[in-house]
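Using the sequences plus the hints, can you model the full thing?
Residue strings, one per chain:
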Amino acid sequence: MTAESTLYDARPWQQAYPGAGIPAALPAPRHRNLAHLVHSACEKHAARKAFTTVVPNGMNGTLTYAQVGEMSDAFAAYLRQVCGLQAGDRVAVQLPNGLAYPVVAFGVFKAGCVLVNTNPLYTPSETIHQLNDSGAQVLVIVDMFADKLAEVVPKTGLRRVVLAGVSEMFPAVPNLVVRGVQRVWSKVLPPIPPLAVPVDRFSQAISQGRASADAATVRSWWFDLPATDIAALQYTGGTTGVSKGAMLTHANMLANIDQVLAMGKSHMGGDECVLTALPLYHIFAFTANLLCFFEIGARNVLVPSPRPVQNLQRAIENYPITWITGVNTLFNGLMNEEWFTAFPPKHLKAAIAGGTALHHAVAERWQRITGTRVAEGFGLTECAPVVTFNPMSGVAKPDSIGIPVPGTDVRLVDDNGVPVPQGEPGELIVRGPQTMLGYWQRPAETDQVLRDGWLYTGDVAVMDTQGYFRIVDRKKDLVLVSGFNVYPNEVEDALAKMDAVLEAAVVGIPDGKTGEAVRAYIAKNPDFTGELTKEAVLAHCRTLLTDYKVPKSIVFRDELPKTPVGKILRKDLKAEVKTEFAKRPQA
Amino acid sequence: MLTPLETQLLGVMMMVIMLGMGASLTFRDFLIAFKKPKGVIIGIVCQYGVMPFIGYLLAVVLGLPPPLAVGLILMGCMPGGTTSNIFTYFSKGVLALSIMMTSVSTLVAVVAVPALVAFYSGLAGVTGEFAIPAANVAQVLVVLLVPTMLGMVLRKLNPNIGATIELIGSMLGIAVILFLVVSWVPRNYQLLLQTPWSVFFAAIGLGLFGMLLGYWLARGLRQDGNRSRTISLETGIQNGPLAVLIVTLTFQGEMQQQVLLVPVLYSLFIVLTSSAVTVWYRQIATREALARDAAKVRLGAVAA
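Note that the protein sequences, when read in sequence, are chains A and B.
Using numbering that gives the first Met the number 0, the letters of the first sequence map in sequence onto residues 0 to 586.
Using numbering that gives the first Met the number 0, the letters of the second sequence map in sequence onto residues 0 to 303.
Treat each hint with caution, since some may be false.
[What the hints assert, rightly or not] Below, in silico cross-link-like pairs of lysine-lysine (DSS-like), each with a Cα-Cα straight-line distance of 25 Å or less:
(1) A:LYS345 with B:LYS34
(2) A:LYS48 with B:LYS155
(3) B:LYS155 with A:LYS345
[Claimed, not checked] Covered by chain A, according to a simulated footprint, are these stretches of chain B (three or more residues, beta-carbon under 8 Å):
(4) 20 to 33
(5) 156 to 166
[Claimed, not checked] Residues from chain B that keep clear of chain A, each with C-beta distances beyond 12 Å, as calculated:
(6) LEU8
(7) VAL44
(8) LEU61
(9) ALA114
(10) ILE203
(11) GLU253
These aren't lab readings, by the way, just hints derived from the structure by calculation.
Note that beta-carbon positions come from the ideal geometry of N, C-alpha and C, so glycine has one too.
Structure below.
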């Protein structure tokens, strides 16, 4: 462990920093904790517009930094004085993007409580698992899903529920119109079921909070809160197994904010306006859109639902958007819209992609249409989330996840944790100020991923001589065919090159002869008019892949299982394989 | 017939409706339409080529008497109704295209409607007291351009006010029809009972045939499904209240009563037929939108 350790520990990627305007070291911490960051930003940018929520017909509501500061104080007071929470108590938030979201999240930080972001689209059983695992005492939920409370509340330790609407804090008439449409036309406002715990509307919670504590009291709750305290339990494991809460401290998040700002600095300055179409409950939008842009005093345009993509039209037309964060499907969707390609946002400076791999074709077309690059990065919930990013200026490499952000060490290691030589694939491990404390109340799982201060990501990557990384695959998704490693991504890429294939997912199945064999699940491209046969797929694969990589089994599906952000869930397919082969005797 | 007060009220409501139409527009919408003018051109052809012809044809084939024939022809020559925008919105059609077609056809109306009404009335043999003076039509249309412009400006200044006015305008389009139902139908139910089936057929058929022909013409000219459905709704849905207003400003007494029959019946039934069609189109559009979101990037489009 000599030459190889030095290889990674010398941080070869730092050569690329100067050309891209990235500082080698992070600035000294400026904030005691996230509440302090929020407080400072609200004072510094008081009169500026902080958040604007835009619904598809263009109706909108806006909060200034001063309003966000005052209302998040009130919400913190509500949590401490009315709900009776203490520092460290968990508050679950199940909201789509809207004006209530930042007020609630910042209020949780100011109360010294722990934020538990929860996907609003979760089923009652998923919600119950997350609320019980985190021990959440208060739930803030969007009123569109209030009907789920009947099942959720009795099975959890919730003490109080707060309901917020999509058009919360819109001016009176637009609010009336949006709620009227929701109630009468789309019928998405269910009646609130009778519950054994008190239920407050968001506005009631704010006014109760205002009446119960002044700003100085609220300040006393967060002022001495150590940065090493947990700020959020961010649930993950959707693609790997049972959902568990990553403990992210204030220090983790503050560091990641500085790391993202360091990478984006060259394209920030002046009046930024960021389009937030990704859900804020997801760690990528939470750190990048919500926190980073709040710190620099930007205006954040929140879109409650980006599907269909048409919903973004008024938001993009009516505001001078300078930054867009998205995932592959969002960028792709925008470029299929006439109004977008005819008038791409003219103030746009940068776009960043996360979540899933950005397709080469999408990135190229985006650059041609908008004149800006889409920078792709790599991150994971456990790292709050950003680990690497392609520089916004200077050298960006296609299909690469870029270079580690400042202050971060990355190594590629083999199964024994020993660094692999230059150019060899190895598991990507991370050490930096952004890596989590561990999984909430799960020491065994924590020990599996956190070893000697390094976080094991489970992703296999290679590094080139300039320190740019490229993801090869998930380690646990490798298929072992007669002792050969097959990387599902490689087979999926080969399959995706067929016009007739919309998308494909590859998993291993048990095989009597070879131990494991490759199975491909394929969704047919609806634009393709001919017939898609197994023979055609096999013939295509044989032209691109060595024999042992060619799928032995092919299954056609109308749709592949996906996460809300569009990641294909190989784990669901693996589970299917497991039940399928458990039923039949081994060949 | 309508009382002078009702006529005035109708006039005011039309002003608000046109204000709402203006508020649904952005200058950018116009620019997109000019960049890809095909959709709008097809729309205009449907609006002023297909619809007046259907109106004329129905009047002749069904052998309607002059006052009914002129009502039907006038109805066929009307620009797109602002309610078509709300139906397009709910059917998840191409709202911008619908709005563009409504506005462009309304602008063109100042010239096209008087000319077409005169042409087809003449062709159908309607002359003398039942002929609608072209100047009347043009005058009404020019006056209505003022609130349209005002709406556009409001929209630009404040999207919340714009979207609210847009909604009120579209809703009022339906309210006007309800107003007619309440004020006109009870006083004339005897007349309705005596009205032969052919008149009902003409009033309902104008909208339905318009939607059908509009769709297939658009498909034939290689518009995609969503645009074709939008053009279809836009073609079939005419500005009924405008026709009623023109009739009430042109005719008096018993004559007004007779000429008004077809526009009123058309307005009543188009709400029902287009609601049904909207629900159907909406289902198709939802399926397509989800498929499009998931669609593969076309490599051909990248190479272009």
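A quick look at each hint next to the structure:
no.	hint	in the structure
1	A:LYS345 with B:LYS34	holds, 17 Å
2	A:LYS48 with B:LYS155	holds, 19 Å
3	B:LYS155 with A:LYS345	holds, 18 Å
4	20 to 33	holds (count 4)
5	156 to 166	holds (count 7)
6	LEU8	holds, 23 Å
7	VAL44	holds, 20 Å
8	LEU61	holds, 37 Å
9	ALA114	holds, 32 Å
10	ILE203	holds, 26 Å
11	GLU253	holds, 41 Å
When held up to the earlier numbered hints, the structure conflicts with none and fits them all.
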